[in-house]
Amino acid sequence: MAELTADRTKEVMTVNIGPHHPATHGVLRLVVDLEGEVVREVTPVIGYVHTGIEKSCEDKSYWKVIPFIERMDYVSYFFQMEAYCGAVEKLIGLEIPPRAKYLRTIFLELNRIHSHLVWLGTTALDLGAISMLWYCFRERDRILDLFEMATGQRMHTRYFQVGGVIEDIPLGFEKKLAEFVAEMPVRVGQYEALLDNNEVFLQRTKGVGIVPRERLLELGVTGPLLRAAGDPWDLRKAVDHLVYPEMDFKIPVGTVGDNYDRYRVRVAEMIESTRIVEQALAALPDGPHISADRKYVLPPRSELSTSMESLIHHFKLVTEGFRVEPGEIYNAIEGPRGELGCYVLADGSSKPARVHFRDPSFVNLQAFRDMSVDSYVGDMICSLGMLDPILGGVDR
Amino acid sequence: MPDAPGLELIRGEIERDRPGSVLATSFDRGQAALLVDPEQVLDVLSWLRDEPGQRYNFLSSLHAADYLPAEPRFGVHYELLNRDRVERIRVKAMLADPGAEQLPEIDSCVSLFPTAEAQEREAFDFFGIVFRDHPNLTRILMPDDYVGWPQRRDFPLGGEPVTFTYNERRYG
Numbered sequence: 001m002a003e004l005t006a007d008r009t010k011e012v013m014t015v016n017i018g019p020h021h022p023a024t025h026g027v028l029r030l031v032v033d034l035e036g037e038v039v040r041e042v043t044p045v046i047g048y049v050h051t052g053i054e055k056s057c058e059d060k061s062y063w064k065v066i067p068f069i070e071r072m073d074y075v076s077y078f079f080q081m082e083a084y085c086g087a088v089e090k091l092i093g094l095e096i097p098p099r100a101k102y103l104r105t106i107f108l109e110l111n112r113i114h115s116h117l118v119w120l121g122t123t124a125l126d127l128g129a130i131s132m133l134w135y136c137f138r139e140r141d142r143i144l145d146l147f148e149m150a151t152g153q154r155m156h157t158r159y160f161q162v163g164g165v166i167e168d169i170p171l172g173f174e175k176k177l178a179e180f181v182a183e184m185p186v187r188v189g190q191y192e193a194l195l196d197n198n199e200v201f202l203q204r205t206k207g208v209g210i211v212p213r214e215r216l217l218e219l220g221v222t223g224p225l226l227r228a229a230g231d232p233w234d235l236r237k238a239v240d241h242l243v244y245p246e247m248d249f250k251i252p253v254g255t256v257g258d259n260y261d262r263y264r265v266r267v268a269e270m271i272e273s274t275r276i277v278e279q280a281l282a283a284l285p286d287g288p289h290i291s292a293d294r295k296y297v298l299p300p301r302s303e304l305s306t307s308m309e310s311l312i313h314h315f316k317l318v319t320e321g322f323r324v325e326p327g328e329i330y331n332a333i334e335g336p337r338g339e340l341g342c343y344v345l346a347d348g349s350s351k352p353a354r355v356h357f358r359d360p361s362f363v364n365l366q367a368f369r370d371m372s373v374d375s376y377v378g379d380m381i382c383s384l385g386m387l388d389p390i391l392g393g394v395d396r
Numbered sequence: 397m398p399d400a401p402g403l404e405l406i407r408g409e410i411e412r413d414r415p416g417s418v419l420a421t422s423f424d425r426g427q428a429a430l431l432v433d434p435e436q437v438l439d440v441l442s443w444l445r446d447e448p449g450q451r452y453n454f455l456s457s458l459h460a461a462d463y464l465p466a467e468p469r470f471g472v473h474y475e476l477l478n479r480d481r482v483e484r485i486r487v488k489a490m491l492a493d494p495g496a497e498q499l500p501e502i503d504s505c506v507s508l509f510p511t512a513e514a515q516e517r518e519a520f521d522f523f524g525i526v527f528r529d530h531p532n533l534t535r536i537l538m539p540d541d542y543v544g545w546p547q548r549r550d551f552p553l554g555g556e557p558v559t560f561t562y563n564e565r566r567y568g
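Chains B and L, in that order, are what the protein sequence lines are.
The first sequence: position 184 = 184 (my numbering), numbered continuously.
The second sequence: position 112 = 508 (my numbering), numbered continuously.
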């Protein structure tokens with residue numbers, strides 16, 4: 001009888017959310033201890049989409065790894081390619097031509113906008129702003145159209161190669177891209193107009209999920225989450241990478257580090273990325289789009305019927321691939337979610353001995369407990385959306 | 397990134413404060429690495445983190461690698477970062493395979509870098525490297541009841557049966 005008269009509002013109940021739940025942004029499972037509506041403990045359980053990509057890469061020659069690693073974080077595939085190709089280029093000491101650097105920068109920043117659009121649409125959807133999804137996915141579709149035009153694929157484009165990019169951009173691409181660049185800031189303004197005056201959105205994000213900057217750094221959190229807490233850390237500025245040093249762009253930072261700041265930082269980043277694309281497009285130099293080093297780069301198709309040398313190189317590259325001297329490298333770039341690191345271990349053969357990705361979602365997810373303990377369930381869902389984990393990247 | 401002489405200076409200073417902890421240095425393709433004694437890895441990490449002139453206080457990545465057939469075969473890598481100077485240094489601890497059913501062991505650095513919690517679990521999950529004093533050393537990406545260490549080089553690739561346990565139980 002004592003149990004029946006006990007104060008039930010203090011009872012702690014363990015609830016399982018996911019792995020298949022629309023608000024978990026992928027197959028993430030959350031084991032949540034609830035006291036009424038208040039989260040007292042939360043444990044993310046991951047691994048539901050682990051497919052052993054890192055292991056599979058050990059059995060692929062270097063250039064065949066690229067389509068695999070693209071499928072880890074399936075929203076930021078250009079970044080995966082850049083981290084990996086950059087690592088291999090550092091291993092073999094291959095310099096990529098200027099035009100390839102500009103093209104890579106353009107596609108990386110388009111991919112960043114695309115990734116933030118997916119994030120904004122789905123997160124706003126979690127908070128009840130359903131129409132945001134359609135507006136964001138409309139612009140996302142235009143980016144995918146651009147990807148399709150240049151690479152032949154909308155997602156998982158396999159566009160970056162060791163040494164440059166696989167093809168030059170087609171005729172008419174620059175015009176289409178310029179149109180997009182001109183229109184995007186207007187669109188971003190529309191998103192802001194929809195959300196920034198929305199009382200429900202403001203109340204659900206402001207002051208929610210604050211984690212101090214020092215704690216974020218302890219937890220290894222990078223990217224927009226760290227910048228929202230007021231730390232202007234961005235690898236695009238910090239290291240000399242591609243053509244970012246020549247670009248004029250700002251690093252948006254927040255002040256409080258709540259979910260509203262995280263939203264503001266990402267929206268501002270979309271504008272900055274648009275500016276980078278605009279500048280890179282204006283300064284796009286002529287020249288080859290891929291290195292001419294035949295040891296590592298496929299010869300152009302047209303040479304195959306006239307040059308025996310090219311045919312031999314082509315045959316060697318396609319059958320065996322290129323060999324890489326033993327060594328190891330850790331190459332980190334600024335992905336849309338933070339530091340995306342790629343570790344490649346070469347053992348002298350034509351296949352990498354190990355490919356490991358330091359995925360920002362995987363590391364950032366550790367901050368989720370700090371963000372959501374002692375808040376309401378609804379705020380926890382909001383914090384999870386603002387954390388922006390991509391489970392394909394978390395589980396690899 | 398400290399350059400090659402800078403790396404030797406760091407090594408000298410560690411040698412002064414923590415004798416015998418650094419076994420070798422390597423500077424390859426622009427990346428500096430310290431090969432350390434696995435028993436003293438926490439000493440080196442805390443020195444690099446707290447020493448006023450160093451301040452490598454951000455652990456950007458912790459991962460393991462299997463160097464088979466080299467011996468000792470397992471490497472645990474700590475990619476440290478100094479954000480003010482934008483310098484990275486890799487601390488490498490090599491662990492021998494104790495053979496049979498035993499697992500290689502190393503101290504957990506979660507007390508120094510809380511970010512290592514999930515990454516050490518990942519290294520345990522895939523390579524069977526035990527991190528002593530880790531708060532919750534369980535499998536993280538593979539199923540809890542999985543047997544084997546799938547990212548070791550001698551673990552076969554492919555052939556992983558796709559199990560539909562419910563259907564198997566029901567339909568045989």
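Certain hints may be false.
Here are the in silico distance ranges between beta carbons for each label pair [to be verified]: (1) ASP541/L - ALA282/B: 28 to 38 Å; (2) GLY402/L - MET13/B: 34 to 44 Å; (3) ASP286/B - PHE551/L: 20 to 30 Å; (4) VAL38/B - SER442/L: 33 to 43 Å; (5) LEU304/B - GLU435/L: 38 to 48 Å; (6) ARG414/L - THR51/B: 23 to 33 Å; (7) VAL45/B - LEU464/L: 24 to 34 Å.
Keeping only pairs whose Cα atoms sit at most 20 Å apart, straight-line, the calculated SDA-like set for lysine to any residue is [what the hints assert, rightly or not]: (8) LYS351/B - GLU409/L; (9) LYS55/B - ARG425/L; (10) LYS295/B - LEU281/B; (11) LYS316/B - GLU303/B; (12) LYS90/B - PRO546/L.
The hints are simulated quantities; they were obtained by calculation from the structure and are not laboratory data.
No residue lacks a Cβ here, since even glycine has one placed at the ideal position from N, Cα and C.
Verification of the hints:
1. Against the hinted window of 28 to 38 Å, the Cβ-Cβ separation of ASP541/L and ALA282/B comes to about 57 Å, which falls outside the hint.
2. The hint said 34 to 44 Å for the Cβ distance between GLY402/L and MET13/B, and at roughly 56 Å that hint is violated.
3. Hint check: ASP286/B to PHE551/L, Cβ distance near 49 Å, so the stated range 20 to 30 Å is violated.
4. Taken as a hint, the range 33 to 43 Å holds for the pair VAL38/B and SER442/L, whose Cβ atoms sit roughly 37 Å apart.
5. With their beta carbons about 57 Å apart, LEU304/B and GLU435/L fall outside the hinted range of 38 to 48 Å.
6. A hinted range of 23 to 33 Å for the beta carbons of ARG414/L and THR51/B is inconsistent with their spacing of about 41 Å.
7. Between VAL45/B and LEU464/L the Cβ separation comes to about 31 Å, which falls inside the hinted range of 24 to 34 Å.
8. Restraint check for LYS351/B and GLU409/L: not satisfied, since their Cα atoms lie roughly 38 Å apart, outside the 20 Å limit.
9. Between LYS55/B and ARG425/L the alpha-carbon distance is near 25 Å, which puts this suggested pair outside the 20 Å criterion.
10. Our distance criterion of 20 Å between C-alpha atoms is broken by LYS295/B and LEU281/B, whose separation comes to about 30 Å.
11. At roughly 15 Å between alpha-carbon atoms, LYS316/B and GLU303/B fall within 20 Å of each other, so this suggested pair holds.
12. With a C-alpha separation of about 28 Å, the suggested pair LYS90/B and PRO546/L falls outside the 20 Å cut-off, and the hint is violated.
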